[in-house]
Amino acid sequence: MHTRREFLTAAGAGGACAAARPAEAAISRPPREMPPAAVGMLIDSTLCIGCQACVAACRDANGVEVEDTPFALAGWNAARTWDTALDLDGRTLNVIKVWRDGTAEVKDRASDGFAFAKRHCLHCVDPSCVSVCPVSAMRKDPETGIVSYDPDACIGCRYCTYGCPFGVPQFDLAVPAGKINKCEMCRHLQAEGRIPACCDVCPTGASLFGPVAALQEEADRRLAAAAGATTTFPRGDIREDRPRHEGVVPAYLQHTFGETEVGGTQVRYLSAVPFANLGLPTLPDFAPSRLSEGIQHTLYRWLAAPVLAVIGVAFLVRRNRIRQARDTGREL
Amino acid sequence: MAASAERLRAPLITPLTLVLGLLAAVAAYFVVQRFALGLGAVTNINAGYPWGIWVVIDVVIGSAIGCGGFAMALLIYVFNRGEHSPLMRPALLGGLFGYTLAGAAVLIDLGRWWQFYNLVLPWHMNPNSVMLEIGLCVMLYVVVLWLEFSPAILERLGWTGWQRRIDGIMWLLIALGIVLPFMHQSSLGSALIVLGTKIDPVYQTPFLPLLFVTSALAMGWGVVIAEATTVSHSFRRPSEHRLIVRIARVVGWLLLVWVAGRFVGLMVRGALGGVFAGSAAAATFWVETALALFATAVCLSPAWRRSEPLMLLAGLAIILFGALYRFAAYLVAYHPVGSYSYAPSVPELTVTIGIIALEILLYLSFVKLFPVLHATRRAPAQA
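Top line first, the protein sequences correspond to chains R and W.
Numbering of the first sequence is given in this note's numbering, commencing with residue 859 and proceeding in unit increments.
Numbering of the second sequence is given in this note's numbering, commencing with residue 52 and proceeding in unit increments.
Since the hints were made in silico from the structure, they are not lab data.
Please read all numbers here as calculations on a predicted model, not as lab measurements.
A portion of the hints provided could be inaccurate.
[Unchecked claim] Which chain W residues stay away from chain R? Per the calculated CB distances, all over 12 angstroms, these: (1) L67; (2) G72; (3) W197; (4) W213; (5) T281; (6) A408.
[Claimed, not checked] Covered, in the sense of this in silico footprint (three residues per stretch, anywhere, with C-beta under 8 angstroms from a C-beta of chain W), are these stretches of chain R: (7) 1017-1025; (8) 1141-1151; (9) 1173-1183.
[As the list claims (entries may be wrong)] To give an idea of the chain R side of the interface with chain W (calculated C-beta under 10 angstroms), a few residues: (10) L946; (11) P1009; (12) Q1028; (13) Y1158; (14) A1167; (15) I1169.
Note that beta-carbon positions come from the ideal geometry of N, C-alpha and C, so glycine has one too.
In isolation and in its complexed conformation, chain W is listed as follows:
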């Protein structure tokens, strides 16, 4: 795979990157304000809603969107679908920034951020805490992601010695890069179990870890589908559609089983009535189901999945499905004690938008700086 990647020959600074940079700069202003004045000065989180969009969008959803590298590694190296390797580095790069910036978002959101290292001090660790598992696992995974991606940087720098050394342990890095997301993405679901009745029965289930990790996997593939289609179109590169169709088959079945499993779970627990309750949680449940089924239909229909625009829509639908599922589980299905409500403030929203902008900006810069996209000269043979 290393031999067949090349960097994109395009200008680093374009009108788009300028806009993205501006959005990130505005966000930085509010981040400074948050550190100077406190969380309350910038966010709308309150006594009833201690977690707002900085946790739910930037971290919970952001990290799931960063599961492209994880999902592709699983496909390529565990299920031995080597033909997908041209999509590996772009997916890894998306994950790299998804996770690195999720980590940065955690630091912005932590109320006592200057003590965050307590997480790694053994005498402070609480092994009962799902949060401890998430924290340690995500920290380790960010390191693994950088090492996994480092050959692209080392290749560009021409540091072949280091490249060989990294390549020698690449099998271990890839294995960690598959197992670690399984752990913390499932834990992001487990994190809600302890809330008991504070989470609507439509969402509260002991199977939350399984639902979270499998939907994160689907989102990872959804991102790869959307990303590959968009990149090949906007940079006029050869289409990767033949490979995308194969991923679509996998993700289509996964989503179908996911939706069916969720229904069965609700039925077994006697909570199916909740989805007809006319509550906000019921509404998000149906929108998620509709998005997942739309994506399934496109992915599993031989006629539909031939269409690149439809596949792009399906990819976006999968991302939206997983994002909404997470947003709803953490904020919509969540019932605070007392009559509190939460809607993000404009500065709070600005920070979240800025982080997303920064992710896209870094992604675009890296594909132009380092060999990430697979080489076009090899394209006829492979695509």
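Bound conformation, chain R alone:
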């Protein structure tokens, strides 16, 4: 049921799978299912006020030093009072970016407006980084779906960075023994029954933690509400009853980013400005690792083709070497 409709959708989205045709569908492996206890985040750009409490909390929770981008004025930030991370990098797991257009007068408006974007790992349902990692340093938890990283396995090839459709995993290039850094949804806190630091501190519920299904229900509720109406927004963990805050329903784009993109993600976005403006690329619904793995496993199933090839070629080589030796009268 998946194949044809999914391929046509992907074809509509353009790009690599614009080519998607039955032959490609046949060779691709089936899509991965959402893990049973999948947790994620709902990030509502319209609720974000750009306070960056989540960025600071992320650094605390993960023991990452404040970023001090060297500016012209030497020593201006010697005390590291200010965090100057401009984007995700080898140390910054989470960052708030601002998008501006023209005079940037009105929040969440596409022209002459601005909007905030929270950037970190989206914890794909069918993650490319997990597919490409040669040494299984990137793993997807079969229960929670959290995409984790193991520096003791990693060889530092950076294929995960190269392959990630969202530009998330980053290698720390500034030190001799760097490692990949990416958001692991504060799995160490979750193991203690806590929630990711960014969602815990978000004052407006712009970063909301919870089971993916519940979060999608909440997203659908917001999208269904009439723009301009008053509603309440949950904060922290969607399953907890922290005090909600009241607000006006913004003019949402009628799409939850991550519901279908590259096979779905566990971190999903709502926005009133095009998602591309928030640094979220326009992507087909098809996870490209389905095709690459499909091709690879067709060529290398049980290593049958390579083994048969070696046997066949070895036979020809033996025969031809004997013939050539006979013809030239030379020894082998």
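Use these hints to put chain W onto chain R, whose structure you have.
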């Protein structure tokens, strides 16, 4: 073949080898710096471009240029063109250093190089990873290349016992030396499929493995053509032109089919519009096409391929074509997420140049130390 090779009687140290050694030494300085201070201190790779020229030139292109041994073995032992065997050892030697130094370049580029052995630990292996296939296959192939070449060294050392033992399994080594490059050279193309829309539709296709392995084969023959012409000229040895012309016919047809197949593929996928888009990927596409068609014209025209200078140009055009195709697929057609750009730093470039210099230096030294080039006294009979 073993009986008809001899070492080149020429001084090991010449002004050229001194320059090559100097280039390699400068590169070594920056390699030390890279290990002491980190990748960021030496290279310009960044959050958007995690792979720079150390991966794309030193490994992806470098290994394809090292496909001479693979391409000649296919011709000589599978298609039974025994008359080409005088070109086998020189081609093998080029591959030996192309691959050995590509392996060294991988270690320099790996961010956590001290854990590279995780690749061979079964409990770490991820069979879904194209990179795993490339890593294991290239490691094995480097071993095969050294064993395949070892008779030249054993012959010089006079270790006839070992020579006989290696010769006993040579059929298997040659077979592995043909199948393994088919595997990892195609995988170097497969490696881009998972990038999906991050690779321009002009380059992104499920046929990447086929396009990569066939162009690597063409490059292997291109290298043999350029190498044989250059070596016979610069060392005043008898010309191998008669043999080169035969290779040219094969590679000419291969390139023609390659270019036509690529066009058909773009048409079938509805991506042909992209080549008229005025993008950087479209530009490299046309330059590659022009280089391939020039080489095809020379290789397939009976009049043109008689000319040694034209054949040398064709050989170089094939190498350039394949190199540009790889460079473009990995870096030009690649669209990072976010507004990043990449141009190699001077130290980064220096390391790449140093590795190439070291390859040439080792090649030149080995043909003078070991019986690689085919013996001149037999030349009248064969060339």
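Hints, verified against the model:
no.	hint	in the structure
1	L67	34 angstroms, holds
2	G72	27 angstroms, holds
3	W197	18 angstroms, holds
4	W213	15 angstroms, holds
5	T281	26 angstroms, holds
6	A408	25 angstroms, holds
7	1017-1025	holds (count 8)
8	1141-1151	holds (count 8)
9	1173-1183	holds (count 7)
10	L946	7 angstroms, holds
11	P1009	7 angstroms, holds
12	Q1028	5 angstroms, holds
13	Y1158	7 angstroms, holds
14	A1167	5 angstroms, holds
15	I1169	8 angstroms, holds
Checked against the numbered hints given earlier, the structure satisfies every one of them.
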